[in-house]
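The listed protein sequences correspond, in order, to chains A and B. One rule links them: number in our numbering = place in the first sequence (from 1) + 330. One rule links them: number in our numbering = place in the second sequence (from 1) + 330.
No lab work stands behind these hints: they were computed from the structure. It cannot be assumed that every hint is accurate.
Intra- or inter-copy, both count: the list cannot distinguish identical chains.
Straight-line C-alpha distance at most 20 Å; calculated DMTMM-like pairs for lysine to aspartate or glutamate [claimed, not checked]:
(1) 437 x 621
(2) 408 x 496
(3) 692 x 521
(4) 591 x 536
(5) 382 x 620
(6) 437 x 538
(7) 382 x 564
2 protein chains.
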Amino acid sequence: MAAKKRTARKTAGKQTAKKKTARTTARKTPARKAGGKRARRRRVALAGKRSKATKKIDDLTLELIHDQAREVHQDILKLRKPDLEFPVRSLANVSYSEKRGYFEIGKQKKQRTLTVNTVRNFAQTLRMMGLSKDLVEANDFATKRDAYYQSKNWEEAKFDDQTESDTVMDDIEAMFSLSGVAREQLRFVPDEGYNGAVAGRLVVLDPDRDTGRIERIDCTRFGSGAYSIPSSVEALGFETNAKFILAIETGGVFQRLQSHKFWQSRNCILVNMAGVPSRACRRFIRKLSDDRKLPVYAFVDCDPYGISNIYRTLKVGSGNAAHLSQFFCVPKARYLGVTPQDIVDYQLPTHPLQPVDVKRAKDALKNDPFFKVHKPWRRAIEQLLEMGVRAEQQSLAMWGLNYVIEEYLPAKLRNTGAFLP
Amino acid sequence: MAAKKRTARKTAGKQTAKKKTARTTARKTPARKAGGKRARRRRVALAGKRSKATKKIDDLTLELIHDQAREVHQDILKLRKPDLEFPVRSLANVSYSEKRGYFEIGKQKKQRTLTVNTVRNFAQTLRMMGLSKDLVEANDFATKRDAYYQSKNWEEAKFDDQTESDTVMDDIEAMFSLSGVAREQLRFVPDEGYNGAVAGRLVVLDPDRDTGRIERIDCTRFGSGAYSIPSSVEALGFETNAKFILAIETGGVFQRLQSHKFWQSRNCILVNMAGVPSRACRRFIRKLSDDRKLPVYAFVDCDPYGISNIYRTLKVGSGNAAHLSQFFCVPKARYLGVTPQDIVDYQLPTHPLQPVDVKRAKDALKNDPFFKVHKPWRRAIEQLLEMGVRAEQQSLAMWGLNYVIEEYLPAKLRNTGAFLP
Chain A
331 MAAKKRTARK
341 TAGKQTAKKK
351 TARTTARKTP
361 ARKAGGKRAR
371 RRRVALAGKR
381 SKATKKIDDL
391 TLELIHDQAR
401 EVHQDILKLR
411 KPDLEFPVRS
421 LANVSYSEKR
431 GYFEIGKQKK
441 QRTLTVNTVR
451 NFAQTLRMMG
461 LSKDLVEAND
471 FATKRDAYYQ
481 SKNWEEAKFD
491 DQTESDTVMD
501 DIEAMFSLSG
511 VAREQLRFVP
521 DEGYNGAVAG
531 RLVVLDPDRD
541 TGRIERIDCT
551 RFGSGAYSIP
561 SSVEALGFET
571 NAKFILAIET
581 GGVFQRLQSH
591 KFWQSRNCIL
601 VNMAGVPSRA
611 CRRFIRKLSD
621 DRKLPVYAFV
631 DCDPYGISNI
641 YRTLKVGSGN
651 AAHLSQFFCV
661 PKARYLGVTP
671 QDIVDYQLPT
681 HPLQPVDVKR
691 AKDALKNDPF
701 FKVHKPWRRA
711 IEQLLEMGVR
721 AEQQSLAMWG
731 LNYVIEEYLP
741 AKLRNTGAFL
751 P
Chain B
331 MAAKKRTARK
341 TAGKQTAKKK
351 TARTTARKTP
361 ARKAGGKRAR
371 RRRVALAGKR
381 SKATKKIDDL
391 TLELIHDQAR
401 EVHQDILKLR
411 KPDLEFPVRS
421 LANVSYSEKR
431 GYFEIGKQKK
441 QRTLTVNTVR
451 NFAQTLRMMG
461 LSKDLVEAND
471 FATKRDAYYQ
481 SKNWEEAKFD
491 DQTESDTVMD
501 DIEAMFSLSG
511 VAREQLRFVP
521 DEGYNGAVAG
531 RLVVLDPDRD
541 TGRIERIDCT
551 RFGSGAYSIP
561 SSVEALGFET
571 NAKFILAIET
581 GGVFQRLQSH
591 KFWQSRNCIL
601 VNMAGVPSRA
611 CRRFIRKLSD
621 DRKLPVYAFV
631 DCDPYGISNI
641 YRTLKVGSGN
651 AAHLSQFFCV
661 PKARYLGVTP
671 QDIVDYQLPT
681 HPLQPVDVKR
691 AKDALKNDPF
701 FKVHKPWRRA
711 IEQLLEMGVR
721 AEQQSLAMWG
731 LNYVIEEYLP
741 AKLRNTGAFL
751 P
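For reference, chain A alone in the conformation it holds in the complex (with noise of 0.2 Å):
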C-alpha cells in the first residue's frame, strides 16, 4: 500500500505539475500509454488483431478523426477562426422514415467556432475525439463514465460534470453519424449494469482482442444460465440457422423458455431484453437479424409502456437519440403480442390503465410518428383505451406454467403475417 501509495502521488503530481496545450497532454493521458507504444513503434499498425470488416471500419474512423483534425489545423495555420459542425440533436429535426423504418436525423446543422467563450468547450471537443482515436488505435473501449473521468487529467478542459461529457460525446456521435460511423466504433460504450442475455441456436464469433483468434461461442450449450451480451457487438460475428430471433421483455418469461429449450423444439433465438432493452442488445438484434437475414418477433407486456417505449424503441429508435437509431434500431421487428385482441381471446387476467398509462397511450396515438403512419397500431391502442386495462406476459401462466410454451406461442407462430407492424 505505502508502495503504492507513493507511486499514485508521483504520478499525480507529473500530471499536475506541468502545464501544457490540451493537444500535447493528449499525447501523454495514461489512457494513450498502453496502445500508444505500439502505435508510435509501427506508426500506421493498429494494436492487436483485427478482422478485415473491423479494420476497414478503424480506418475509415481514424481517417475522419484525422479530418476534423486537419481542418482544425489548417485553420489555424492560415489564422483563420476554426469551426466544428454539428447535426442538431433535438425532436424538431427528427422525422420518421417509413422506407427505411427508423427515426432519422433532419439537415439543421449548429456550428461551434473558436472563439473566447467557446475555447473550453472546443478543447473538450478536440480531447474527445482524441481519446477516440486513442482507443480506435490501441483497440480498448471507454464508457460514458470512464471519459467523463479521464477529462479529470484535461487540465483546464476536464468536464464538471458526466451530463457536461456525455453532451460532448453525443455532439461528437451525432457529426460521425452522418459518415455512417456509430458510438461503438468511436469506441464509446453505454455504462449500462447489463446488455441482455442469449440463448439459442446460435455461434457467436468472437475475435480475441490481442490475437484475432475467433472465439466460437455456442448458445444451445449454456444449460439453464446464457450468454451475456458484451457492451460492443461490433466486432462479432454469427452463425445460424434459426428461423427466427425472440425478443423478450422480461426475466421469468426467458428463464422459462429458456428452461424448457424452446429454442431447440421451435429452431430460434431467445433474447432476454430485462425492460427496455439497452443500446448493446439492440445493436446486437439488429446486427444478428441484419447479418442472417432473420424476422425478429417482440414478446412482450400488453400495456402502453410495453408497447410504446418497449417494443417501439427496439424497433425505430427513440426520438432523442435519432442520430444513433441507423444503427441501434431494428425496423424488422414485429409484434408478436400480448396484443390487446388476446387479453380478450385468452382471458387474460388484467390490471386497470393507471393515468399515466393513459397519458402514454394518448401520446403515442397524438405525437408518436410511427403509431400515427401505422392504422393497425392505432387500432390496437384504440383498443386497449377502450378496454382500460393491460395484461402481463406472465398472465399467461393462469392457464399453466407452462402455456406459454405448449400453446400461446404456438399458436401465434402459425400465423406471423398477423403481427402487428
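Assemble the complex: chain A is given as a structure, and chain B must be docked to it using the hints.
Just chain B, lined up with the frame of chain A:
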C-alpha cells in the same frame, strides 16, 4: 387463432364451472399437468433426471410438505382446528451472529389457525405449498409473478394482487428455512430480469433438466461476452483452480476487466453484480465460494450505498429477509475497495456526499448490527463522513483507463490482509 380462441375458452369454462375444495382443484391445475402424469404413473419417481444431491434435497422438500399437509389433514379428521406455524419476519426477530457471519431469524413464531376469518389465507397457504410440491415433482420452477397468476385459477383462493401472494410465499419460505430448505429448493425463483454475469477461470456444471446430462460451461470461452447466471443455481456444480472471486459493482469495470482478461493474468473469477446483487447472484457466489473454498473480494463504489447496501447485503444479507440469509449471504466476502483511504492515497476525483448519503452512513453506524461489531468499518465510515465526499470505482480512470488493471488491483491484491472485514 380461431382454434386457439376456442381452446382457451373451453379450458376457462372447465376451470370456472365446477366448484371443488381447494384440495381437489390443486390436482387439476394446468401447472400440475406436465409433471402430474408421470408422478401418478410412477408414484415416488420424479420427472427428469436429477443428480444425487438434487434428488436428496427434493426428497427432503417433498417430505416436509407432506408432513405439514398430513398434520392439517389429521387435525381435520379428528375434528380439531388445524394450524400452521411460521417464524415472525420482522427486524425485531433478527439477530446478527458474528460467528456464523449473517443475519439470523429469531425464535418468535406466529400461528395461523383455520377459522372462518382465516379460511381464505389458510387455503392460499396450502395451495402455495401444493404448487411447490408440483414444481418439485415436475422439476420445474415458478417466479413470484408466475405463482401470483397461477392462483387466478384457484377460485376463492386466488390472490387479488402480488403483494398478497408474495407474503404467503415469504411465510412458507420462512417456515421451511427452519428445516434448511431455501426458496429455490421450493422451486420459487425471483422475478428479477437480470441475475449477474460471470467470466474467468471457472467451469459451471449444469445438469440438463430432462436427460440429466451435464453441460460443461467454460467461462474462459465467452470472448468479450460473459456467462449469464440463471434464476436458480441450486443444481449447478463447479470446477475451478482460481484463487479468488472478484465481485464487481458496475458493468463498466466488469467489461474492462473481462475484455482485458484480468481473470487470466490473476487467475480469478469475475462476477458483475450490476448494483445490489440479485438473489441468484448472491446464491451463485455463495455456493461457488463454499464448494471450492474460494475467498470473495468485493470491488464497489466508495459511498454509503456501495458499502452498506451492496457490500453488506452481499456479505450478511438484508434485515427484512433474515430467514434467507443462511442461504444467500456470503460471510467469506471481504472489502477490497474503493475504501475511504483510497480516495486519499489515489487522489481520486470525488463528488460531495448528499444528505441521503449522510443519513445512510449514520444509520449504518447507529443501527446496523454488522457495522456495530466491526471497528475498522466504523472508522472507515467515520472517515468518509469527515471527508464529506464519495468516489466511484470508475474514478480510477482519471489515471488511465487501464490503471485499475495495471496498478490499482495488483497493489490491492498484494495485501489482502488489509481488506476491510
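Evaluation of the provided hints:
no.: 1; hint: 437 x 621; in the structure: neither (29 Å within a copy, 60 Å between copies)
no.: 2; hint: 408 x 496; in the structure: neither (32 Å within a copy, 72 Å between copies)
no.: 3; hint: 692 x 521; in the structure: neither (32 Å within a copy, 30 Å between copies)
no.: 4; hint: 591 x 536; in the structure: between (24 Å within a copy, 14 Å between copies)
no.: 5; hint: 382 x 620; in the structure: within (18 Å within a copy, 45 Å between copies)
no.: 6; hint: 437 x 538; in the structure: neither (39 Å within a copy, 55 Å between copies)
no.: 7; hint: 382 x 564; in the structure: within (12 Å within a copy, 44 Å between copies)
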